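Engineer: This is what each chain is made of:
Protein chains: 2
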Amino acid sequence: MVRKLMNNKLPRYFEEFNNNLWSVEDDRDNMKLYYRVKEILSTRISPFQQVNIIDTYDFGRCLVLDGVMQTTELDGYIYNEMISHIPAITHPNPSKALIIGGGDCGVANELIKYPELLEIDMVEIDEVVVEECVAKLTKISGNAPRDNRVKFHFTDGVKFVKDKKGLYDIAIVDSSDPIGPAEVLFSEEFYVDLKDSLKDEGVMVCQSQSPIFNKDILSRTHHILKRHFPIVKTYKAVVPSYPGGMWSFTLASLVYDPLNANLAKLALNTSYINSGVFQASFSLPNFMCDDLGIL
Amino acid sequence: MVRKLMNNKLPRYFEEFNNNLWSVEDDRDNMKLYYRVKEILSTRISPFQQVNIIDTYDFGRCLVLDGVMQTTELDGYIYNEMISHIPAITHPNPSKALIIGGGDCGVANELIKYPELLEIDMVEIDEVVVEECVAKLTKISGNAPRDNRVKFHFTDGVKFVKDKKGLYDIAIVDSSDPIGPAEVLFSEEFYVDLKDSLKDEGVMVCQSQSPIFNKDILSRTHHILKRHFPIVKTYKAVVPSYPGGMWSFTLASLVYDPLNANLAKLALNTSYINSGVFQASFSLPNFMCDDLGIL
Chain A
0 MVRKLMNNKL PRYFEEFNNN LWSVEDDRDN MKLYYRVKEI LSTRISPFQQ VNIIDTYDFG
60 RCLVLDGVMQ TTELDGYIYN EMISHIPAIT HPNPSKALII GGGDCGVANE LIKYPELLEI
120 DMVEIDEVVV EECVAKLTKI SGNAPRDNRV KFHFTDGVKF VKDKKGLYDI AIVDSSDPIG
180 PAEVLFSEEF YVDLKDSLKD EGVMVCQSQS PIFNKDILSR THHILKRHFP IVKTYKAVVP
240 SYPGGMWSFT LASLVYDPLN ANLAKLALNT SYINSGVFQA SFSLPNFMCD DLGIL
Chain B
0 MVRKLMNNKL PRYFEEFNNN LWSVEDDRDN MKLYYRVKEI LSTRISPFQQ VNIIDTYDFG
60 RCLVLDGVMQ TTELDGYIYN EMISHIPAIT HPNPSKALII GGGDCGVANE LIKYPELLEI
120 DMVEIDEVVV EECVAKLTKI SGNAPRDNRV KFHFTDGVKF VKDKKGLYDI AIVDSSDPIG
180 PAEVLFSEEF YVDLKDSLKD EGVMVCQSQS PIFNKDILSR THHILKRHFP IVKTYKAVVP
240 SYPGGMWSFT LASLVYDPLN ANLAKLALNT SYINSGVFQA SFSLPNFMCD DLGIL
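First to last, the protein sequences are chains A and B. The opening position of the first sequence corresponds to residue 0 in numbering that gives the first Met the number 0, with each subsequent residue numbered one higher. The opening position of the second sequence corresponds to residue 0 in numbering that gives the first Met the number 0, with each subsequent residue numbered one higher.
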């Protein structure tokens, strides 16, 4: 495999040395990560980014956007379960859900585990990401592409929510890092539009980056949401394939408190979340309480 | 700084390119990490390993052994608090503690927060590690080196425990990875000796590696301890500077269950652990319960 590639030009973000192929994550100034790659399964240049599906030795198949690991077969379920099941049971009877981003279809694949969810609008700006994940990352995209409750909208999430008023019980923002196409998904204007897209008892959640390396983004997200929602709770999970390991999610709710959720409603076919993990995820370490001004 | 170093030969595990200096962690087959380095504060070759103290852009000062990051100013407190405070309050009235390894003195620096601990034997095989951390990693070693309850024994921990019988209330094994000098600290024979070094109501804890990348070591450690202690509980924390982020600890106890610990006894001057985090750390995700055969 490596020998064959050596005769061609490698795509950007890949390097070959010592007869091994490596995916190079060097978007940070101070840290570079090299993952050993078995095979580059596809490389496509979409209007938004370079989309790669690769097969790695440590993480299995992965989605890589502009050289940055987005989700992996090894641990993608952790992130997807934590961003999906917590809002899904915080709301006691959701019927309509919105996903912004989430092109790997992993969030949709978790939400379809709830039969009471009748409509799931999935809004992803980059159709190429969905095509590739549906074709080659089936362990993550699962049954979502074939579940007729899931409706795909290949458009800008920011524009999509602008004219949606009082429609959704839950909204999930599964964005990539706040650089490039996802930057607007961290703006106050977007969160206000998202709030307006919710029904009166709606619940939203967004990924709010690393509590270690992106303290400013987490704190800003938390405080923006506090200005618009009566209940705002940050929770955490570990995401082994993201540098820093610890990841944060921020839930904002108009009526329901996640700490009062009916844990018996949690879907059973999960690999990470259970009722203990649900509750534990809201126990924040001292430094996060300090950073968020919670006490 | 970099220019000056370019005229000399760099120590092993460091590379210079694009006018930047990098610490290279390449002990794994499938992943390489590069940390950008401000300055190599010291390089010493001990009888056991290459000991470096470096100052990095993302993690502050770090202890690096044979090229592998061991502890950092940014997040060392998470690991040190989780391995120390949990046994320290699981035992209701500990007076004598044993630390095996822990050359950075971070564990000792947590234990001295408990005034009821009157004697702390710290057994580290590599005196060079202690000398360097006491001199240059003071944010982690803290006051431990000057606390006269802490007694340093620069010897092999495996040999040290062999003739210690019924001495300690708590024992903490703060080893490096089970390759090189620390390998024997993961053997059944050592755990049995360690049990014998405890008093009748003793509690021990060891770091049991990544639940993602070292499932075999975690599972083996858990099952070995189950053969010798009536109460064995694995708990988890996030360690951002270890690949995989999630880290496991396994506690083995002759009488006391950590889930019955008096949380009011927890030392207050901590940055990570609090009573919520203490309890949350024992809520294991489904995949860990499966791996450990817990239900």
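Keep in mind that the hints were calculated from the coordinates and are not lab data. Some clues are possibly wrong.
It does not matter which identical chain is used: a pair holds within one copy or between any two.
In the DSSO-like style, the derived pairs of lysine-lysine whose C-alpha atoms are separated by at most 30 Å in a straight line are [what the hints assert, rightly or not]:
| no. | residue 1 | residue 2 |
| --- | --- | --- |
| 1 | Lys37 | Lys164 |
| 2 | Lys225 | Lys164 |
| 3 | Lys31 | Lys8 |
| 4 | Lys214 | Lys150 |
| 5 | Lys163 | Lys31 |
| 6 | Lys31 | Lys198 |
| 7 | Lys135 | Lys31 |
| 8 | Lys135 | Lys214 |
| 9 | Lys112 | Lys214 |
| 10 | Lys138 | Lys37 |
| 11 | Lys198 | Lys138 |
| 12 | Lys37 | Lys264 |
| 13 | Lys198 | Lys8 |
| 14 | Lys214 | Lys37 |
| 15 | Lys264 | Lys8 |
In this text the structure is predicted, and so the values were computed from the model without any measurement.
Engineer: Confirm or reject each hint.
Structural biologist: Results of checking the hints against the structure:
{"no.": "1", "hint": "Lys37 - Lys164", "result": "neither (47 Å within a copy, 51 Å between copies)"}
{"no.": "2", "hint": "Lys225 - Lys164", "result": "within (20 Å within a copy, 57 Å between copies)"}
{"no.": "3", "hint": "Lys31 - Lys8", "result": "both (22 Å within a copy, 22 Å between copies)"}
{"no.": "4", "hint": "Lys214 - Lys150", "result": "neither (34 Å within a copy, 38 Å between copies)"}
{"no.": "5", "hint": "Lys163 - Lys31", "result": "neither (41 Å within a copy, 46 Å between copies)"}
{"no.": "6", "hint": "Lys31 - Lys198", "result": "neither (43 Å within a copy, 47 Å between copies)"}
{"no.": "7", "hint": "Lys135 - Lys31", "result": "both (26 Å within a copy, 25 Å between copies)"}
{"no.": "8", "hint": "Lys135 - Lys214", "result": "between (34 Å within a copy, 27 Å between copies)"}
{"no.": "9", "hint": "Lys112 - Lys214", "result": "between (33 Å within a copy, 28 Å between copies)"}
{"no.": "10", "hint": "Lys138 - Lys37", "result": "within (17 Å within a copy, 41 Å between copies)"}
{"no.": "11", "hint": "Lys198 - Lys138", "result": "neither (32 Å within a copy, 50 Å between copies)"}
{"no.": "12", "hint": "Lys37 - Lys264", "result": "neither (40 Å within a copy, 51 Å between copies)"}
{"no.": "13", "hint": "Lys198 - Lys8", "result": "neither (51 Å within a copy, 65 Å between copies)"}
{"no.": "14", "hint": "Lys214 - Lys37", "result": "between (35 Å within a copy, 22 Å between copies)"}
{"no.": "15", "hint": "Lys264 - Lys8", "result": "neither (51 Å within a copy, 62 Å between copies)"}
Consistency with the previously given hints fails for numbers 1, 4, 5, 6, 11, 12, 13 and 15, ordered from lowest to highest.
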